[in-house]
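S.K.: The lines below spell out each chain.
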Amino acid sequence: MAAVINAANNGIVGKLERELPDLAFHQQLTVDEIPTLWVSRNDLLALLKYLKSSCHFEMLFDLAGVDERQRVNRPGSAADFTVVYHLMSFSANTDIRIKVALGQADCQLPSCISVWPNANWYEREAWDMFGIVFTGHPNLCRILLPPTWQGHALRKDHPARATEMEPFKMTDERQDREQEALRFKPEDWGMKRKNEHTEFMFLNLGPNHPSVHGVFRIVLQLDGEVVVDAVPEIGYHHRGAEKMAERQTWHTYIPYTDRIDYLGGVMNNLPYVMAIEKMAGIEVPDRAKVIRIMLAELFRISSHLVFYGTYAQDVGQMSPVFYMFADRERLFGIIEAITGGRMHPAWFRIGGVAQDLPNGWEKLVSDFVERMPARMDHFDKMAMQNSILKQRSVGIGTYTTAEALDWGITGPGLRATGMDFDLRRDRPYGGYDQFDFEVPVFQNGDIYDRARVRIEEIRQSLRIIKQCMENMPAGPYKSDHRLTTPPPKERTMHDIETLIHHFLNVSWGPVIPAGECSVTIEATKGANMYYLTSDGGTMSYRTRIRTPSFPHLQQIPLISRGLLIADLIAIIASIDFVMADVDR
Amino acid sequence: MTESPLWPLVVYFFAVIALVLIILGLSSLVGPRSTMQRATIEPFESGVVGIGSSQIPISVEFYLIAMFFVIFDLETVYIFAWAVAFFELGLFGYLAISVFILILVVALIYEWKSGALDWGVKKRVGLRE
Amino acid sequence: MPDSVFIYVIIFGTLFGSIGGAAVLVWFERRLLGFWQDRLGPNRVGPFGIGLAFADIIKLFTKEDWVPPFADKFVFIFAPTAIMMAMLLGFAVVPYGPGLYVVDLNIALLFFLGMTSLAVYSVLLGGLASRNKFALLGGLRSAAQMVSYEVFMGLSLMGVVMLSGSFSLVDIVNAQQDVWFVFSQFLGFLVFTIAGIAESHRLPFDLPEAEHELVAGFHTEYSGMKFGMFMVGEYLGVILISSMIATIFFGGWLGPDFLPPIFWFGLKSFLLVCFFVLLRAAIPRPRYDQLMSFGWKIMLPLTLVNLMVTGAVVLWWGY
Chain A
1 MAAVINAANN
11 GIVGKLEREL
21 PDLAFHQQLT
31 VDEIPTLWVS
41 RNDLLALLKY
51 LKSSCHFEML
61 FDLAGVDERQ
71 RVNRPGSAAD
81 FTVVYHLMSF
91 SANTDIRIKV
101 ALGQADCQLP
111 SCISVWPNAN
121 WYEREAWDMF
131 GIVFTGHPNL
141 CRILLPPTWQ
151 GHALRKDHPA
161 RATEMEPFKM
171 TDERQDREQE
181 ALRFKPEDWG
191 MKRKNEHTEF
201 MFLNLGPNHP
211 SVHGVFRIVL
221 QLDGEVVVDA
231 VPEIGYHHRG
241 AEKMAERQTW
251 HTYIPYTDRI
261 DYLGGVMNNL
271 PYVMAIEKMA
281 GIEVPDRAKV
291 IRIMLAELFR
301 ISSHLVFYGT
311 YAQDVGQMSP
321 VFYMFADRER
331 LFGIIEAITG
341 GRMHPAWFRI
351 GGVAQDLPNG
361 WEKLVSDFVE
371 RMPARMDHFD
381 KMAMQNSILK
391 QRSVGIGTYT
401 TAEALDWGIT
411 GPGLRATGMD
421 FDLRRDRPYG
431 GYDQFDFEVP
441 VFQNGDIYDR
451 ARVRIEEIRQ
461 SLRIIKQCME
471 NMPAGPYKSD
481 HRLTTPPPKE
491 RTMHDIETLI
501 HHFLNVSWGP
511 VIPAGECSVT
521 IEATKGANMY
531 YLTSDGGTMS
541 YRTRIRTPSF
551 PHLQQIPLIS
561 RGLLIADLIA
571 IIASIDFVMA
581 DVDR
Chain B
1001 MTESPLWPLV
1011 VYFFAVIALV
1021 LIILGLSSLV
1031 GPRSTMQRAT
1041 IEPFESGVVG
1051 IGSSQIPISV
1061 EFYLIAMFFV
1071 IFDLETVYIF
1081 AWAVAFFELG
1091 LFGYLAISVF
1101 ILILVVALIY
1111 EWKSGALDWG
1121 VKKRVGLRE
Chain C
2001 MPDSVFIYVI
2011 IFGTLFGSIG
2021 GAAVLVWFER
2031 RLLGFWQDRL
2041 GPNRVGPFGI
2051 GLAFADIIKL
2061 FTKEDWVPPF
2071 ADKFVFIFAP
2081 TAIMMAMLLG
2091 FAVVPYGPGL
2101 YVVDLNIALL
2111 FFLGMTSLAV
2121 YSVLLGGLAS
2131 RNKFALLGGL
2141 RSAAQMVSYE
2151 VFMGLSLMGV
2161 VMLSGSFSLV
2171 DIVNAQQDVW
2181 FVFSQFLGFL
2191 VFTIAGIAES
2201 HRLPFDLPEA
2211 EHELVAGFHT
2221 EYSGMKFGMF
2231 MVGEYLGVIL
2241 ISSMIATIFF
2251 GGWLGPDFLP
2261 PIFWFGLKSF
2271 LLVCFFVLLR
2281 AAIPRPRYDQ
2291 LMSFGWKIML
2301 PLTLVNLMVT
2311 GAVVLWWGY
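Chains as they are written, first to last, in our numbering: chain A, 1 to 584; chain B, 1001 to 1129; chain C, 2001 to 2319.
Incorrect hints may have been included.
Covered by chain B, per the in silico footprint, the following chain C stretches (three or more residues, Cβ under 8 Å) [said to hold, decoys possible]:
hint, region
1, 2055-2068
2, 2088-2101
3, 2279-2286
Think of the hints as simulated: they come from the structure by calculation, not from any bench. Quick caveat, the model's predicted, so the values are computed rather than measured. Just so it is clear, CB atoms sit at the ideal spot from N, CA and C, and this is done for glycine as well.
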């Protein structure tokens, strides 16, 4: 597979050399073998347009900044800051990474919203975190941090710990100031308070509202109950996960990843540890691979069950969520028996998993796998076939495949538009190529189909889990590579060498060779990518977490304008996001 | 038709009022006071300060519904009167009310066809340019 | 027992019986929902958790009697009392058994319809007086919804009135000696039940409060006993509508002689209350415009058809 991608890579670089002879670029080699090109700021926009129109890079998959100033193993072309554009092609099934170097004094480059509309939020984030100015952006303001924040948090000179800052105090005056800063000003967003017919009502739906699934705020411009316009506001759940990664060892950061998509559990560990393993050159034993896949699929079911229940509840059906949560509890029983944790087991390790499977795990898993299909049929009768639920969701909140690609939508939301693409099948990672499963695809791109995709995925995940159970390989659950953390215990306490090795890896953490690597997986909510940069230390130099929910929220105004509040609630439910996954 | 004295209704009426007043009075006596905090004096708007007032002109659809209500509910009063005297009025009454209901139905069809019974917009309108 | 004492017993029995019933229903509904939803429901306070009904009352009483400074004070306080009074007054005309009623008005049915319409004001005023955007939307929804369903709620009963020739509920029960009106007026029963749920704004027709859309709708700003009165009003509404359906369509107190009539009345009402709870457990909430269209485009024509057909059939067979 790697060879195939490599060939495609050469293809795109070769094509650029042939067709854009004036373009000056410099290629950087990365561990993940994604072609990575450094270009100058002036060439950027033209190149991006060319890549989208002529090279089938339909999606701006990620856009993020890097502060290179303290990096020892800096690539030759880098300056103070770097902006990384990660583009994805679905028709050619390949990726490309474009990097632009910026000096601290002149930290600006043109906005690419005209090429991909979803660049809007990514550019705001890059400005928020690094102070990189995107000229031509319609409203370049803070997105994750509070509007009153001083400085740009992901710059290396910004404090990373509370102890490095003034003690936090919430005085009355400060509370008033912060609240006032959160007051929505329609004029900033080019909205009018009234038109010739009516005066609009502006309504804060969230951050504290029962059906925004966390602390998500949408400011609605309403005419009666019709949503004239909507402005999603995020950042209320921001915990600085990317910043924390720069102060945690590679090993101790694993539990933080669990809490990114907090319904996905160990699914979040997977791209993170796989990226580290790639950089370290660790080959994971088969047993560990299958255990990982089994647990990841269990968590996919768990997450989709929560989606299913809350989706029914948000269209006003009270009961299904209780049934689904009951099954989720049974599932957590298995997770608990295997890992000892429930929602956030943090159970994957660099080079394998934390422990071997306990005795009798097959019984637990097979009971669950046997039981679920009948339950799913039951849910289907209860919820999906209900005519009121259908009326509320069929044909509502639709977008086309082209729109989905423009807005960076991945995962079930993309497959509901008829796009037959699943990273597990089309770019198999971590051993998925050994499994037999189907990728459910539906055509209408509406609320109902987004739900149907996920429901079918539960059934497919059950199939995968069953295959894991029936074909669990024997062998070690951890690699015997020297960077495996913690190292296999049996071989630690024999002599001073192994003892010291164990001690260093656990207390200081493993030293991962310098390099850059990204791993993208089909997570519960869409494509989740960890883009790790190692500077050859015990900690990550930069951890970029590309989460699926972030762009999914951005397109809410597109599909909800002109509909009613009740439709908007159903749309929010159908997107299936958690705010921790958006804000990180 | 049976008749029963009306005074129990009067007594009941006053008993209901007394009960409601007692509940209101008791709750204001028993409940704690002045737990007033800074945010308690603001209307709830999802935890952040609101934009503009809630006292705004109301969408015209609501007035339409009110008009329909007046039209239909007042006219149903005639049907009430006819129904209770149905046997006395016989076939002639039936024919008369049929004409009346027919007119109501025509009004309903007119409203239906003119789109006055369709609320909201069913299609997304996409992004503002 | 002298007559007047007997009537006082009925008066206060009705008053405290209905309030007590509403309080217990809050607990009972949660138990029943728990049963249907694969979970336990409240089971800690007293046997089967029934103490929760009292605990709730005590809690509501001892909460702060809070009127927001931005609200329209008088209307804000009046609104919850209105729904409670209207619903309680509605019980005055319900016959629990032969001779067992506060009053037998010859316009009992109209009185009942009038009282349920008054409840609209309560919700609307509560929503407007709160000066809160969610409450305003909830209030407007409720006004539009109730006003629309009001129209054919009355009309759906006219078939029954034609057959019994009276607005008196006692007469209506007596007219069902041979056959319950639920059989001869099935369409009327259907329409009335749906309109009744809409009038008591319970799920699936709880759009005025629609937790997932409007936080708590018209009572977002309410707390303590004033919120409690809205809630009691809602549950009184459920009991009132159930006992009305039992009376009008299921023969009220009529039943085999081995048990007293009031038992049959109670049993029928109880089963209907359970049906209301089941609906809440099972059905999603339609969208606001779908609900309105359903009312005007399906229910209203159905009611008119029911009237014409009933009239024609009775004229044909009656003479």
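S.K.: All hints, please: hold or fail.
M.R.: Hints and how they fare:
1. 2055-2068: Per the Cβ count (8), the hint holds.
2. 2088-2101: Held - the region 2088-2101 of chain C has 4 residues with a Cβ nearer than 8 Å to chain B, which meets the minimum of three.
3. 2279-2286: violated (count 0)
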